[in-house]
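Throw the hints in and build the complete structure from the sequences for me.
Line by line, the protein sequences are chains A and B. In terms of our numbering, the first sequence has 130 at position 130, counting the first letter as 1, and numbering is strictly consecutive. In terms of our numbering, the second sequence has 745 at position 590, counting the first letter as 1, and numbering is strictly consecutive.
These are calculated hints, taken from the structure and not from any lab test. Cβ atoms here follow ideal geometry from the backbone N, Cα and C, with glycine treated the same way. Among the hints, erroneous ones may be present.
Distance windows between CB atoms, simulated [claimed, not checked]:
id, chain 1, residue 1, chain 2, residue 2, range
1, B, E337, A, A148, 48 to 56 Å
2, A, A148, B, R757, 20 to 28 Å
3, A, A127, B, K714, 25 to 33 Å
4, B, G687, A, A127, 38 to 46 Å
5, B, T435, A, T118, 51 to 59 Å
Short, incomplete list of chain B residues facing chain A, as computed with Cβ under 8 Å [said to hold, decoys possible]:
id, residue
6, K352
7, P355
8, G365
9, G425
10, A495
11, N814
Here is what each chain is made of, one letter per residue.
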Amino acid sequence: MISLSVNGTTHRVDVPPETSLLWFVRETLGLTGTKYGCGIALCGACTVHVDGAPVRSCVTPVSAADGKHVITIEGLSARTDHPVQQAWIELDVAQCGYCQSGQLMSAAALLARTPNPTDADIDDAMAGNICRCGTYQRIRAAIHQAAAMARGGAR
Amino acid sequence: MKTTLSRRAMLKGGLALGTGLGLGLRVPIGPSDPASAQSARTLAPSQWLTIDRDGIVTIVSSVPEMGQGSLTTMPMIIADELDADWSKVRVEQAPANPKLYANPVTGTQSYGGSRGIRDHLQTWRKAGAAARQMLVEAAAREWGVPAEELETEPGTVVHRRSGRKASYGELVAKAAELPVPENPTLKTPDRFRYIGKGVPRRDMRSKVNGSAVYGLDVKVPGMLVASIERCPVLGGKVRSFDATAAMRVPGIRRVVQVTNGVAVVADTFGAALNGRRALTITWDEGPLAQVSSAQIIRDYAALATQPGQVARKDGDADAVLGSSANVVVATYQVPFLEHACMEPMNATAHVRPDACEIWAPTQNPGGTQVTGARLTGLPPEKVTVHTTLLGGGFGRRGEQDFITDAVETSKAVGAPVKLVWTREDDLTHGFYRPATYNVFRAALDPRGMPVAWWNRIVGPGIFIQKGRAKPGEIDPTAVGGARDIPYDIPNVQVEWINRDLGVPLGFWRSVASSQNAFITESFVDELAHLAGKDPYEYRRALLGKSPRHKGVLELAATKANWGAPLAAGHGLGIAVASSYASYVAHVAEVSVAPDGRLRVHRIVCAIDCGIAVNPDQVRAQMEGGAIYALTAALYGEITIDRGRVQQSNFHDYPMLRINEAPPVEVHILDSGEAPGGLGEPGVPSVAPAVTNAVFAVTGKRLRTLPIRPEALRRA
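Laid out in structure tokens, this is it:
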């Protein structure tokens, strides 16, 4: 039996321990905002937070989250108003949008530890997230804008 | 809250969590059936929109949303002519029903070729204008005033003289009794409220909070999950298989043979993958087991000495080349490419004896319905297609293989099945942009200007392979962008040798132009340098008969400060191309490190797409198209060894990442012409702009893609 919290709800579950956190949240919990893109931690579409740190859920066994707090895109904010979500909306960042859950989770984790990131910080934090639609420059601008919002700067 | 659940119960719970499929999946009733809509006292003047008594306007979008913004731009066009209150507009994705929703130009409900706006703008404007005219007429009758005295504000008809106002919702019952005008008066452009200005994307909120529903997110009660083990050799078939071990894997329900391999049907995707690994399959590898990409290129090169079919002949290039003292010859190659949509291929199907339901991230709802009908024996109207959001399309999702997989598997097991591909399945069983081999010859006059241009292309035709053109025809998917070079050269000959070794081919974002802009815009750059001329001025001098090419070329050069001093070690390259009725030029600024590593510092793009309906989305498509093209130029190569695709995931088929992505600066040239495409035209001229810049900074001419650092290393 594994016990973990997902978006604030504690689950005691009996699943094969090697089940990936990705497919656990998608199939068992029905939280499909977290995406499957490559299965081997190369694209970042599956990024979630485990105890605040961004992890690739596709290669994280659910057993590794035992006793931990997992946040998925659905739990990033209650009203779609996390600064990164607001900035993404204001700048119309997404195109197909499939990678964006992972992008947002990586960006939110970056801002949590580096509230005022440089372009180099953004490169470091975001290079693990592929966007096939090529929205990178809007992602970069939106992260800067979210940082400004969080500082209480101009919206 | 604490929950304790068994695995089985959790699975059921998970499935029960969401049958509401969210955006884009409700089959509209009103617009599909105007008669019933009218009886419900709504105004439904066409299949495209319904207005209810609360003034809510429901617009049906026929174009699948694959990232291009169709769920925003398409209703925006209708809303503009309707003068709708944008906050009261709802959007639904059209069901498969070609009688109502076929593209008015192509006649099919299939979307490729960057055809959304350019094929539908007039149709959608008329749909909005017709409804507005009916509402105005209804108010005129209600108030006993001439319709000419009325005007509209968003969602409201106004009679200024008397100060009367009525909301659209108040007028629908009366308007619904009026005939639908066949030729409503359209707005003059100065009256546009949204067209040319744009509105924020409607899908953004759902795409930042995880609620957007892609094909992979579909939930249907009782649904099983399946995945197919496919022959490692392209085109190979199952000879026999043994599922004994697979059936012992926990969570496996059934193992069934289908057209494209052996489907393992399970409770979860993980179980299905475990089941696949436990299968024993004997394959009939088929003819492609003899085919490798190195051999394909050798085969092309050998054939290139033979005459080809003449795709264009102006004057007599052969004769001029034969008598010229200054002849330039070059050979270019491009590799196979895969689309690599972020969302791997998938579809969900529920085949019942009397009906079939399909949920799919498809560019081709009409084709999906036909596939469903063919595989089930049901009439097409018994096949319901729900088009979900697409996690990328790029041409890949017009194909029917993933639909076939889902329908056949559901039919075999008698339950709803979500059929999911792995990334590895996706890259190794694609429909590939063709590899081609290309020979050029040009004759230059004493001033260095070309008097003859001769180009022989060796490679396959996608339309011919797919049976959409006859063998012997000139296939535009092979020669597009090469036979129509814009330069004013008196003698031009473009030939094509159709050589198809059977590798499955597909339409890859910008299709033939994806390779032919690279080869032609590189070769003209070669000529400019050999002539000792500035490559921008050289092109300008040759574009006298192609003003729209010239316009974007000049705009891109101006915005990039062409000719101004650059940082040490930096160089600029330029290229221009037209595709899908739009005109695009790119300038790339690059530097090359001593170890050969190329850095693209910025890309300047100029586009003339005629009327720019939604300018920020024009910019978005140019930004994204440039990154897609740059990914291919720097990394894109699918190689085949004995019929097996050798790349399997993003480690060996890499994508450009944020740390490598240059800023893409987009400038829109408003020519006021009819609208052109946007999804594809941002791709073709990027690769040659980059390789031309590499030449400017290193003197090395790159004639093979992708660009290899080894080729640029300074030893």
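Hints, one by one, checked against the model:
1. Here the CB-CB span from E337(B) to A148(A) is close to 53 Å, well matched to the stated 48 to 56 Å.
2. The beta-carbon spacing between A148(A) and R757(B), approximately 24 Å, falls within the hinted interval of 20 to 28 Å.
3. Between A127(A) and K714(B) the beta carbons are some 29 Å apart, a value that agrees with the proposed interval 25 to 33 Å.
4. In this structure the supplied range 38 to 46 Å holds for G687(B) paired with A127(A), their Cβ-Cβ distance being about 42 Å.
5. T435(B) and T118(A) have their C-beta atoms about 54 Å apart, which keeps the hinted 51 to 59 Å range intact.
6. Given hint, K352(B) at the interface with chain A, is violated; its Cβ is 14 Å from that chain's nearest Cβ, farther than 8 Å.
7. For P355(B), the shortest C-beta to C-beta distance to chain A is roughly 6 Å, which falls under 8 Å, so the interface hint holds.
8. Satisfaction of the interface hint for G365(B) is found here, the shortest Cβ-Cβ separation to chain A being roughly 2 Å, below the 8 Å cut-off.
9. Using the Cβ-Cβ criterion of 8 Å, the hint placing G425(B) at the interface with chain A is satisfied: the shortest such distance is roughly 5 Å.
10. Annotation: A495(B) was flagged as interfacial toward chain A, and the flag holds, the nearest CB pair being 6 Å apart, inside 8 Å.
11. Here the hint on N814(B) is kept, as its CB sits about 4 Å from the closest CB of chain A, short of 8 Å.
Taken one by one, the earlier hints fail for this structure only at number 6.
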